[in-house]
Every structure is written in C-alpha cells, then in structure tokens.
Amino acid sequence: ILVCKTTVCIMCVSPGEYGVVCPTLIEAVEGDAVTLRGSLSPPVNLTPYTLDLKRLDLSDDLVHVYRDGEDHFPPQSHHYRGRTTLIHEDLIRGTVTLQISSVNLSDTGPYEVYVPDLKARCKSKQVKEK
Numbered sequence: 088i089l090v091c092k093t094t095v096c097i098m099c100v101s102p103g104e105y106g107v108v109c110p111t112l113i114e115a116v117e118g119d120a121v122t123l124r125g126s127l128s129p130p131v132n133l134t135p136y137t138l139d140l141k142r143l144d145l146s147d148d149l150v151h152v153y154r155d156g157e158d159h160f161p162p163q164s165h166h167y168r169g170r171t172t173l174i175h176e177d178l179i180r181g182t183v184t185l186q187i188s189s190v191n192l193s194d195t196g197p198y199e200v201y202v203p204d205l206k207a208r209c210k211s212k213q214v215k216e217k
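Residues 88 to 217 (this note's numbering) make up the sequence shown, in order.
Simulated from the structure, these hints should not be mistaken for laboratory data. Fair warning: this is a prediction, and the values are worked out from it, not measured in the lab. Even for Gly, the Cβ is constructed at its ideal location relative to N, Cα and C. Any given hint might turn out to be false.
List time: in silico DMTMM-like cross-link candidates among lysine to aspartate or glutamate, alpha-carbon distance up to 25 angstroms [as the list claims (entries may be wrong)]: (1) 206 - 104; (2) 210 - 114; (3) 206 - 176; (4) 210 - 199.
If you anchor each label on the Cβ, the simulated ranges turn out as follows [to be verified]: (5) 104 - 147: 29 to 39 angstroms; (6) 165 - 129: 31 to 41 angstroms; (7) 186 - 128: 34 to 44 angstroms; (8) 172 - 137: 12 to 22 angstroms; (9) 116 - 203: 29 to 39 angstroms; (10) 132 - 159: 30 to 40 angstroms; (11) 146 - 176: 26 to 36 angstroms; (12) 174 - 116: 27 to 37 angstroms.
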C-alpha cells in the first residue's frame, strides 16, 4: 500500500478591493479527496462571476472553470477531468470550494483561485510529505 500525504500551504494575494481568506494547511492521502477553499472578504455572491481554478506549473493549467453560472468542462485540463466538483451552494456566501477526488502525486504543485472581475486571487503552494 502506497500512502502519500500532500500538504498545501496557502498564501493569500489580492490586489483588488476584495481580500481572499484561505486555510493555511490542507493534507490529503493519495487516493482520497482534497478540498481547496477560498472566501472573499467582504463576502459577495459569486454565482454571476467567472471563476478560474488553475495549476500554475502546467501548460494545460485549468483545473476547473465556472462561467455564466455553470461549470465549463471542455477547457479543463485532462489531468483533472472527472475529478473536480465545485460546490455551487458556497458561491452564494462568497466562498469557492473545489473538491478534487482521487488525489495522486501528480496533483502536487501551485494552485490559484481567481475571480477576474473582482481581481481577487488566492495562490497556493503544494508540498509533499513522505
């Protein structure tokens, strides 16, 4: 049995009028699910906004795309196809919650949650633990 722990250290960066509050530590065991989360401060209903969740170190970088009130899967990276779930109910409260299922070592890397219209972003750096 291969067990791998992945630690995600989140750093918040937001040049716009909205800040993004993110957890400081997320751990996942290979094969389990991991939840990436960022909350706008002050809170704003995000359902009408475009959301881009990206892997910053991949050329095929789109982990999940939400536009015009819907998930858009065609531009999604093949690495994440069929493994991401955006929790739409959280968007109303100004929180982006993305679940990635079946986490594996290749999921290690830097991530970004970005709301272009609000210029709000949250960058994360992922570090593996053995």
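Original post:
Which hint numbers doesn't this structure obey?
Top reply: 7, 10 and 12
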